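Chemist: Got chain A; can you put chains B, C, D, E and F on it based on the hints?
6 protein chains.
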Amino acid sequence: MTLQLSHRIGRMASLLALGEQIELPAECVSCVGKVGTMDLQKVVASIETAAKKEGIIHPSLYRETHALYHATMEALEGVTRGSVQLGSVLRTVGLRFSVVKGKPYNEGAEGDWIAVALYGTIGAPVKGAEHEAFGLGINHI
Amino acid sequence: MTLQLSHRIGRMASLLALGEQIELPAECVSCVGKVGTMDLQKVVASIETAAKKEGIIHPSLYRETHALYHATMEALEGVTRGSVQLGSVLRTVGLRFSVVKGKPYNEGAEGDWIAVALYGTIGAPVKGAEHEAFGLGINHI
Amino acid sequence: MTLQLSHRIGRMASLLALGEQIELPAECVSCVGKVGTMDLQKVVASIETAAKKEGIIHPSLYRETHALYHATMEALEGVTRGSVQLGSVLRTVGLRFSVVKGKPYNEGAEGDWIAVALYGTIGAPVKGAEHEAFGLGINHI
Amino acid sequence: MTLQLSHRIGRMASLLALGEQIELPAECVSCVGKVGTMDLQKVVASIETAAKKEGIIHPSLYRETHALYHATMEALEGVTRGSVQLGSVLRTVGLRFSVVKGKPYNEGAEGDWIAVALYGTIGAPVKGAEHEAFGLGINHI
Amino acid sequence: MTLQLSHRIGRMASLLALGEQIELPAECVSCVGKVGTMDLQKVVASIETAAKKEGIIHPSLYRETHALYHATMEALEGVTRGSVQLGSVLRTVGLRFSVVKGKPYNEGAEGDWIAVALYGTIGAPVKGAEHEAFGLGINHI
Amino acid sequence: MTLQLSHRIGRMASLLALGEQIELPAECVSCVGKVGTMDLQKVVASIETAAKKEGIIHPSLYRETHALYHATMEALEGVTRGSVQLGSVLRTVGLRFSVVKGKPYNEGAEGDWIAVALYGTIGAPVKGAEHEAFGLGINHI
Numbered sequence: 001m002t003l004q005l006s007h008r009i010g011r012m013a014s015l016l017a018l019g020e021q022i023e024l025p026a027e028c029v030s031c032v033g034k035v036g037t038m039d040l041q042k043v044v045a046s047i048e049t050a051a052k053k054e055g056i057i058h059p060s061l062y063r064e065t066h067a068l069y070h071a072t073m074e075a076l077e078g079v080t081r082g083s084v085q086l087g088s089v090l091r092t093v094g095l096r097f098s099v100v101k102g103k104p105y106n107e108g109a110e111g112d113w114i115a116v117a118l119y120g121t122i123g124a125p126v127k128g129a130e131h132e133a134f135g136l137g138i139n140h141i
Numbered sequence: 001m002t003l004q005l006s007h008r009i010g011r012m013a014s015l016l017a018l019g020e021q022i023e024l025p026a027e028c029v030s031c032v033g034k035v036g037t038m039d040l041q042k043v044v045a046s047i048e049t050a051a052k053k054e055g056i057i058h059p060s061l062y063r064e065t066h067a068l069y070h071a072t073m074e075a076l077e078g079v080t081r082g083s084v085q086l087g088s089v090l091r092t093v094g095l096r097f098s099v100v101k102g103k104p105y106n107e108g109a110e111g112d113w114i115a116v117a118l119y120g121t122i123g124a125p126v127k128g129a130e131h132e133a134f135g136l137g138i139n140h141i
Numbered sequence: 001m002t003l004q005l006s007h008r009i010g011r012m013a014s015l016l017a018l019g020e021q022i023e024l025p026a027e028c029v030s031c032v033g034k035v036g037t038m039d040l041q042k043v044v045a046s047i048e049t050a051a052k053k054e055g056i057i058h059p060s061l062y063r064e065t066h067a068l069y070h071a072t073m074e075a076l077e078g079v080t081r082g083s084v085q086l087g088s089v090l091r092t093v094g095l096r097f098s099v100v101k102g103k104p105y106n107e108g109a110e111g112d113w114i115a116v117a118l119y120g121t122i123g124a125p126v127k128g129a130e131h132e133a134f135g136l137g138i139n140h141i
Numbered sequence: 001m002t003l004q005l006s007h008r009i010g011r012m013a014s015l016l017a018l019g020e021q022i023e024l025p026a027e028c029v030s031c032v033g034k035v036g037t038m039d040l041q042k043v044v045a046s047i048e049t050a051a052k053k054e055g056i057i058h059p060s061l062y063r064e065t066h067a068l069y070h071a072t073m074e075a076l077e078g079v080t081r082g083s084v085q086l087g088s089v090l091r092t093v094g095l096r097f098s099v100v101k102g103k104p105y106n107e108g109a110e111g112d113w114i115a116v117a118l119y120g121t122i123g124a125p126v127k128g129a130e131h132e133a134f135g136l137g138i139n140h141i
Numbered sequence: 001m002t003l004q005l006s007h008r009i010g011r012m013a014s015l016l017a018l019g020e021q022i023e024l025p026a027e028c029v030s031c032v033g034k035v036g037t038m039d040l041q042k043v044v045a046s047i048e049t050a051a052k053k054e055g056i057i058h059p060s061l062y063r064e065t066h067a068l069y070h071a072t073m074e075a076l077e078g079v080t081r082g083s084v085q086l087g088s089v090l091r092t093v094g095l096r097f098s099v100v101k102g103k104p105y106n107e108g109a110e111g112d113w114i115a116v117a118l119y120g121t122i123g124a125p126v127k128g129a130e131h132e133a134f135g136l137g138i139n140h141i
Numbered sequence: 001m002t003l004q005l006s007h008r009i010g011r012m013a014s015l016l017a018l019g020e021q022i023e024l025p026a027e028c029v030s031c032v033g034k035v036g037t038m039d040l041q042k043v044v045a046s047i048e049t050a051a052k053k054e055g056i057i058h059p060s061l062y063r064e065t066h067a068l069y070h071a072t073m074e075a076l077e078g079v080t081r082g083s084v085q086l087g088s089v090l091r092t093v094g095l096r097f098s099v100v101k102g103k104p105y106n107e108g109a110e111g112d113w114i115a116v117a118l119y120g121t122i123g124a125p126v127k128g129a130e131h132e133a134f135g136l137g138i139n140h141i
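Protein chains in written order, with full-length UniProt numbering: chain A, 1 to 141; chain B, 1 to 141; chain C, 1 to 141; chain D, 1 to 141; chain E, 1 to 141; chain F, 1 to 141.
The shape of chain A in the complex, shown without the other chains (with noise of 0.2 Å):
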């Protein structure tokens, strides 16, 4: 097993979170989406929702769905950086996500992995308060 540096998903869903044209190997799929709130919860949803509408991942397959939300849950780590809140600590964020799936070691039989990545701002319920925050997770699926 070896990271193939053509397919690293991670780097991927990062340029693509970060708004850069970006192409990717063809057997990658993914999608972008933007959230903009103060609840975690609606970042979690509409992250799946995409992921399923897109078929990124299957949308009744427990299993895709439990790696998709850990992904999810460690990229939250990165744009909160100590206690996974938002408005409950009186913050907000407007985010662009990305989700890539892909094979990203040269061996076959590693499969599918899965990367999220998310980019934009988090800060005070005050407009312009606020500076940048990103976060990737990944994991396999």
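Calculated directly from the structure, the hints in this document are not laboratory data.
In this text, all values refer to a predicted model and were calculated from it rather than measured experimentally.
Please note: incorrect hints may appear among the correct ones.
A pair holds if it fits inside one copy or across any two, identical chains being indistinguishable in the list.
[Said to hold, decoys possible] Below, a list of computed lysine-lysine pairs in the DSS-like style, where the Cα atoms sit at most 30 Å apart:
(1) LYS103 to LYS127
(2) LYS127 to LYS52
(3) LYS103 to LYS52
(4) LYS34 to LYS52
(5) LYS53 to LYS34
(6) LYS53 to LYS42
Modeler: Relative to the frame of chain A, chains B, C, D, E and F by itself:
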């Protein structure tokens, strides 16, 4: 105070950590480096040493070291996702780091801010048993 | 002070939460209940209410409520694994809980201790999209 | 950079939160207030409102709001000890807060720093079922 | 997807860790072991070594090691309750661990899942100064 | 149960840690000490050793050691604010600690409680590169 699109230091630091070639606005300063270790202390020390050597933070002003330290710890939250530990929970990292200092807001009084980005791999101390990780921390300086 | 094999209140509480039929030593008291919710508050309240109603803790002595509260919070760390949250991160639980009070140590002066165990499922608010979870908290009382 | 004994803003803020009468050095500014709530958001908002009203931080400069926010969140770590939550885990606080801004270091270039101290009670939403709690956060501003 | 009562791998792993004699469904595989240490790394390594030796996970497939690692870390959250540390905060554990792999859901496509359970004692490095602890982690594999 | 103003052990411990001269009610016992280290273990051990030597807790009763341990860990949450670590994240502390045992509630049955307070500095392992920190933990004993 409004984030200026052309001066998003978090986005710039993220792209640098991801290995992209970017051009920074004239008044921004930055550095890039690498660190591979099972010891968080070394990540913190490498970033501080590089930022001081490159003149991004003042070598003996504590308020600047303090700003950088917290930005680094926040970036490490994104990399470690849950428990800010490496070797003690049997994992190791290979990271490229970047530090960018600049004025992200259009109002001059908002002054300088600093961004620390980390991108690379985290995993077991076994070649290839690793996946990607990313972290970004931002602070006023 | 040595833990007596026959008086391990954590083991007894765990087996009760798992739905096993066990016999408790004469001086132990226990209760069992169920709670299904997206609201952590309700888990805490259900356990406290049951423990007071069954006479396991004194209904108006704060030191006993305090001991139970911390044992419950510790059990919830095991159930939530990372961020002590449910609905706010879009997940729900269906738990059987048990509380056991007894004297686990052979030296009388070690007095009473309390164990709270939780076993059930945690997952998305979608039927079946869930897996098992377990938590155990122990405190002197 | 050396902390000056007479200018320890954390110590001053702590004594003010504890209700002690102290005299502050001429160049220090401070405010004191109270907040009782099950809602963390209100603690954060009360401190920010008081600090702006008393002129301790600039009302519209984000870098100052940002510095205060992080100092407040750090103080809340001390009060909540483990999970930065109140009502969601069925507890409430009654706190006196203080904010002190000053120059704690003998070197002028170290500039202004801010301290937020919280002291009061935390406990169940039942009269008397509570114990004391304390938190202190410090940041450069 | 519905959890099958007879195939609850978390419940089986919990009972095995508690030292109960149980019979596993034909398609489940499991192992049990012991580890006593002040060093979290050793807990992680002991479980991984046992699971590989017993053929529960593939010795060189990273996706399986990754699944086991996260299940182990989640079980350690339950054991440590708050801060995933042992010796660094002056405490030690004596644990029996179990790993169970099986198909907990009635729909075949949900595939294999893995459960790691830990039960034993945690306490000061002084004989008898310890109480019970429990942790359970579950992951798709 | 009502906290008696004259018997607030948390307030007394806080003032002692801050170096104030106070008079304790007759039935309260206390001790004060100092510890400077990059190793959390030493903070925990110093407090335990002092509390046992001064007769504040029983030297061989585990329930008292357990109560003190948790009060100490809670105080360390306030000092470390986020991740309960020192040297591993390249920082060191110089702390004065105090332990106070007393009966804070007017109802006799509420019995003894213990408070651990920590005050001093935290920072980089460089002279002067540090700011103040405070922590308070309280437990029934």
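Chemist: Between LYS127 and LYS52, at a C-alpha cutoff of 30 Å, which is it: within one copy, between copies, both, or neither?
Modeler: between (32 Å within a copy, 17 Å between copies)
Chemist: When no copy is specified for LYS53 and LYS42, does a C-alpha distance of 30 Å or less occur within a copy, between copies, both, or neither?
Modeler: within (16 Å within a copy, 34 Å between copies)
Chemist: Given a CA cutoff of 30 Å, do LYS103 and LYS52 count as a within-copy pair, a between-copy pair, both, or neither?
Modeler: Both: 19 Å inside a chain and 23 Å across chains, each within 30 Å.
Chemist: When Cα atoms must be at most 30 Å apart, do LYS34 and LYS52 count as within-copy, between-copy, both, or neither?
Modeler: So LYS34 and LYS52 pass the 30 Å test inside one copy only (15 Å; across, 33 Å).
Chemist: Could you figure out if LYS53 and LYS34 sit no more than 30 Å apart (CA to CA) within one copy, between two copies, both or neither?
Modeler: Cα proximity of LYS53 and LYS34: one copy only (14 Å, versus 36 Å across).
Chemist: Give the relationship of LYS103 and LYS127 under a CA distance limit of 30 Å: within one copy only, between copies only, both, or neither.
Modeler: Close across copies (18 Å), not inside one copy (40 Å); limit 30 Å.
Hint compliance for this structure: every hint is met.
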